[in-house]
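Once you've looked at the hints, go ahead and assemble the two chains, each given alone in its own frame, into the complex.
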Amino acid sequence: MADHSGMVEKRGFGLWMTHLGLIIGLLFVFFPIWLALVASTVTQADIMDPPMPLLPGDHFFENYRKALVSGINAPVAWMMVNSMIMALGIAFGKIVISLLSAFAIVYFRFPGRRTFFWLIFLTLMLPVEVRIVPTYEVVAGFGMLNSYSGLIFPLIASATATFLFRQFFMTVPDELAEAARVDGASPMQFFRDILLPMSRTNIAALFVILFIYGWNQYLWPLLITTDPSMNTIVMGIKQMFPSGDDFADWPVIMATSILAMIPPVIVVVGMQRLFIRGLVDSEK
Amino acid sequence: MEKRVTFKGLWLPLLLVLPQIVITAVFFFYPAGQAIWQSLFIPDPFGLSMKYVGLGNFEYLLGNPYYRASFVTTAVFSILVTVVSMGIALYLAVLADRLIKGSGVYRTLLIWPYAVAPAVAGVLWLFMFNTRVGVVSWYLGLLGYDWNHVLNGEEAMGLVVVASAWGRISYNFLFFLAGLQAIPKSVIEAAAIDGARFWTRFRTIVFPLLSPTTFFLLVVNIVYAFFETFGVIHTITSGGPQQSTTILVYKVYADGFVGQDLGSSAAQSVILLVIVGLLTIVQFKFIERRVHY
Numbered sequence: 001m002a003d004h005s006g007m008v009e010k011r012g013f014g015l016w017m018t019h020l021g022l023i024i025g026l027l028f029v030f031f032p033i034w035l036a037l038v039a040s041t042v043t044q045a046d047i048m049d050p051p052m053p054l055l056p057g058d059h060f061f062e063n064y065r066k067a068l069v070s071g072i073n074a075p076v077a078w079m080m081v082n083s084m085i086m087a088l089g090i091a092f093g094k095i096v097i098s099l100l101s102a103f104a105i106v107y108f109r110f111p112g113r114r115t116f117f118w119l120i121f122l123t124l125m126l127p128v129e130v131r132i133v134p135t136y137e138v139v140a141g142f143g144m145l146n147s148y149s150g151l152i153f154p155l156i157a158s159a160t161a162t163f164l165f166r167q168f169f170m171t172v173p174d175e176l177a178e179a180a181r182v183d184g185a186s187p188m189q190f191f192r193d194i195l196l197p198m199s200r201t202n203i204a205a206l207f208v209i210l211f212i213y214g215w216n217q218y219l220w221p222l223l224i225t226t227d228p229s230m231n232t233i234v235m236g237i238k239q240m241f242p243s244g245d246d247f248a249d250w251p252v253i254m255a256t257s258i259l260a261m262i263p264p265v266i267v268v269v270g271m272q273r274l275f276i277r278g279l280v281d282s283e284k
Numbered sequence: 285m286e287k288r289v290t291f292k293g294l295w296l297p298l299l300l301v302l303p304q305i306v307i308t309a310v311f312f313f314y315p316a317g318q319a320i321w322q323s324l325f326i327p328d329p330f331g332l333s334m335k336y337v338g339l340g341n342f343e344y345l346l347g348n349p350y351y352r353a354s355f356v357t358t359a360v361f362s363i364l365v366t367v368v369s370m371g372i373a374l375y376l377a378v379l380a381d382r383l384i385k386g387s388g389v390y391r392t393l394l395i396w397p398y399a400v401a402p403a404v405a406g407v408l409w410l411f412m413f414n415t416r417v418g419v420v421s422w423y424l425g426l427l428g429y430d431w432n433h434v435l436n437g438e439e440a441m442g443l444v445v446v447a448s449a450w451g452r453i454s455y456n457f458l459f460f461l462a463g464l465q466a467i468p469k470s471v472i473e474a475a476a477i478d479g480a481r482f483w484t485r486f487r488t489i490v491f492p493l494l495s496p497t498t499f500f501l502l503v504v505n506i507v508y509a510f511f512e513t514f515g516v517i518h519t520i521t522s523g524g525p526q527q528s529t530t531i532l533v534y535k536v537y538a539d540g541f542v543g544q545d546l547g548s549s550a551a552q553s554v555i556l557l558v559i560v561g562l563l564t565i566v567q568f569k570f571i572e573r574r575v576h577y
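Chains as they are written, first to last, in my numbering: chain A, 1 to 284; chain B, 285 to 577.
Next up, chain B with everything else stripped away, as it sits in the complex (with noise of 0.2 angstroms):
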């Protein structure tokens, strides 16, 4: 896509784009490029120099348990959080969808976890959690069951996993929303008047019709997920206990800036990139798909 009319000049379009160009090269392309540079090195164990290594620290890191668990910790937090928070919205939206009257006003209330930092979120559940003072926590133990995120790690999964989809719940049930209201009344009616129950035409008709923006949801939830529940992670759990949440974000900055590994953390950033990557490669050819619908 071009225009076909524009404007003469070679200096102004320079000293228009240079801004970004200056930016973009100092705070992105040359920390990136250092990310690369740096997984290739280790330092010694003064900090002196730099040790070439090849794809030393990769290898290190692919054949080290606690990296390959806090893979699998990461797929499993993800998944859930995706699964979780997209079933809630899904339910919500579609009762919203029904109402003639009123869907507005559950939907300004419903969108205020969008504007709750993952942080915020995060210190919220835990003080609901809290082993000492939280009141859930308290009323499950008056029905016998003792709660402590601190040293199960099964419960502290599923705390952020909550705290994180609670966050993503106006987001994904904006997009269903507006999706479902995209499908014409007509078709619904049409198998309504057919004898189709609600849950057939929601099975049958809705749900199909739906799926270009569940599964643009399904990416986004992903790399969500990935990238910014550090907040939730970081005020809940710092990535315990025994590193049960310690999702590959927690990792980078755990080895980076408190375990001071900067080979490591730089190969475990690489590793993101790649992933980042393919993400966004799905996301990008699942919107090319979409544009056909």
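Chain A extracted, bound-state conformation (with noise of 0.2 angstroms):
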């Protein structure tokens, strides 16, 4: 590769000034991590005499058997299992009713076709945290408080992956169309045999976006999952505390947090352009 920018980039002293500058914003974002990590793998006595130390301590798999077995008000292995429940049916079931109605928006003319695409842009533009009380009068009139429908459906009412799926739709030739009806082919068949192979790339990055968009939520959960059986582990590391928080049990409430973030953190890191793709799109 040719070098464009020799008049630009720094060479020397100014190139370690810059990699200076990076790792000083890398302590920064990695510090408070670390921390929990250290926490995580010592004792209570070593928090409890400040300053804790700064280097992992030899309580690693007694903290996190402790954590994931008994955990304090619930087995945090529960809570997991119950997060990746929500993560996943808010991402597949939002991606399901998104494509299909897409599919019939773009694809077909149909009576109240211009309403129904006014009123899901409404909805574009409510968070859930702004509606929550009747949010909850409703779940609970359904008697799917603590129950997996109760923390999914309210999160997939939004009309974002409609839209993104849409303008997706809007790209593909209109000959693919043509030619899968000169085949005879039913409009069903033209969905599951060009479309939806054609969006694979689009589905993935949006999946990625609205698996941790599911497993981070805290304040829904927080409000329907009052059986600590039913909690989520983002929201159940809060329930951790005592009500003063001079006894919590730093140790396993850090393990906690740091099986909180392993899930995300690997589909980020892990599918970084597909993550990347997925957060450009979902902001068009």
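None of these hints come from the bench; they were simulated from the model.
Be aware that a few hints might be false.
[As the list claims (entries may be wrong)] In silico SDA-like pairs for lysine to any residue, Cα to Cα no more than 25 angstroms straight-line:
#1 B/K385 with A/G14
#2 B/K335 with A/E137
#3 B/K569 with B/L493
#4 B/K292 with A/R192
#5 B/K469 with A/R277
#6 B/K469 with A/W16
#7 B/K569 with A/Q167
#8 B/K569 with A/R277
#9 B/K292 with A/F110
#10 B/K469 with A/L20
#11 B/K385 with A/G21
#12 B/K292 with A/S282
#13 B/K287 with A/M170
#14 B/K287 with A/G21
#15 B/K287 with A/T43
#16 B/K469 with A/F13
#17 B/K569 with A/S282
#18 B/K385 with A/I24
#19 B/K335 with B/N348
[Said to hold, decoys possible] Computed footprint of chain B on chain A, listed as stretches where at least three residues anywhere in the stretch have a Cβ under 8 angstroms from a Cβ of chain B:
#20 32-41
#21 49-56
#22 96-104
#23 260-272
#24 275-281
Every residue gets a Cβ at the ideal spot worked out from N, C-alpha and C, and that includes glycine.
Right, dumping it as structure tokens:
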């Protein structure tokens, strides 16, 4: 590759200063995570006698086993299962209903199509945080408190994904639908055999974003899961603090915090390209 | 924009949109309508019936010093979160953009906080600044500074701001880096050849060309600070001390679920709804403009 930025790229001292600046940034980003990791490997006594050590201790297995198996109110392993079901449910649910309705809006002319389009447009504007009390009442009315459907459905009632797929379907060449029609394919065959395979990357990118969105939910599970066995891990952490936080079981709480980060970190770092694409797509 | 080629059918498309219609109607439009409806009533002291008060709840709220204080708190909080997070992210993105090799490694590491839930970020920062066991508060103590965010409202605000901004660095960094990389290198080279130093180039060329990204991030970050930082506030301060970190979304929760004041909570929801609506319009207007760039 030709050196395009010879005038601009810093060399020698300047280059080192650039790296130094970035490393300071990394320290700011990773210090809280590092400290949590250290705290999850030492004893409660080490932490209660400040300053706590800054290098990991040897109680890793003990703390994580305690968290996963017994936890404080409920086993953390169980909370992770709940979080996983919720995150996957939100991601799959939203993608499926959005693909179907985007297909209908783009490829059919039906009465009420415009109204439908504007109605879902409205949903872009109102995060769940704003309508918590009445949504809670609806969910309670259906007897969906402490249930997975109660955790999932209110969070898929938004049209961001529908818009995304609509935008994408609009860019699919008309010739493909025409060819499918000439060949006598039914609309659903066209959807399944042509549109879905073409949308693979978009679906995957959106899946990454929605999985993290679902996993990291806090307020909603806090409201509707009063039974500790239905807690998700992200909301369960706060429940581990006693009313005065002086005697909080820090090693177990910090082990739980680390466990709560692992799945989304794996997704973000492991699927970095899809993640960045999803981020850019969903803000268009 | 319309498709030229469409399929025929009436029942099939209706069937296809049905799941979304049902879910949106039940879990979105009905509750949103309820919020608007409930905002016009107050329950009697026994919670048995509702009394119509028109805009009474709104008048009461706007005259209520606690609610007005919460408005100010929200404004201060969102501006600080936005400025701190975007400032750090821009600084890191400018540095990463200067690298030809290795910026990918930094990017991979800097996106971690995006994966950390706001509530978990809250717990991490609470741990560092805990008045009894926190490492940072302990070292501050050595320096003679007595950190106590449980009692000091300004320190509490500082802590929730930093914890919220920390979680947002990844997002801002990615968009700034993409914005910087989209600026043609030849423009910057030309300025360099003319003898413009780094800071001059940044001020006169890079920053103006980056303004679409910056405006976009401003709106998105304010929306984030308004609505997605509940977890940070709830884990670190629970709105305290003396409501000094009670942002509007936290107050909807505190009044509606803790205080059981449904009419007031619903009215607050409606006010927030208007604010989100305005922010969304700003965002769309801006994005429309961005298309012309």
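Index of numbered hints that the structure contradicts, given in increasing order: Hints 12, 14 and 15 not satisfied by this model.
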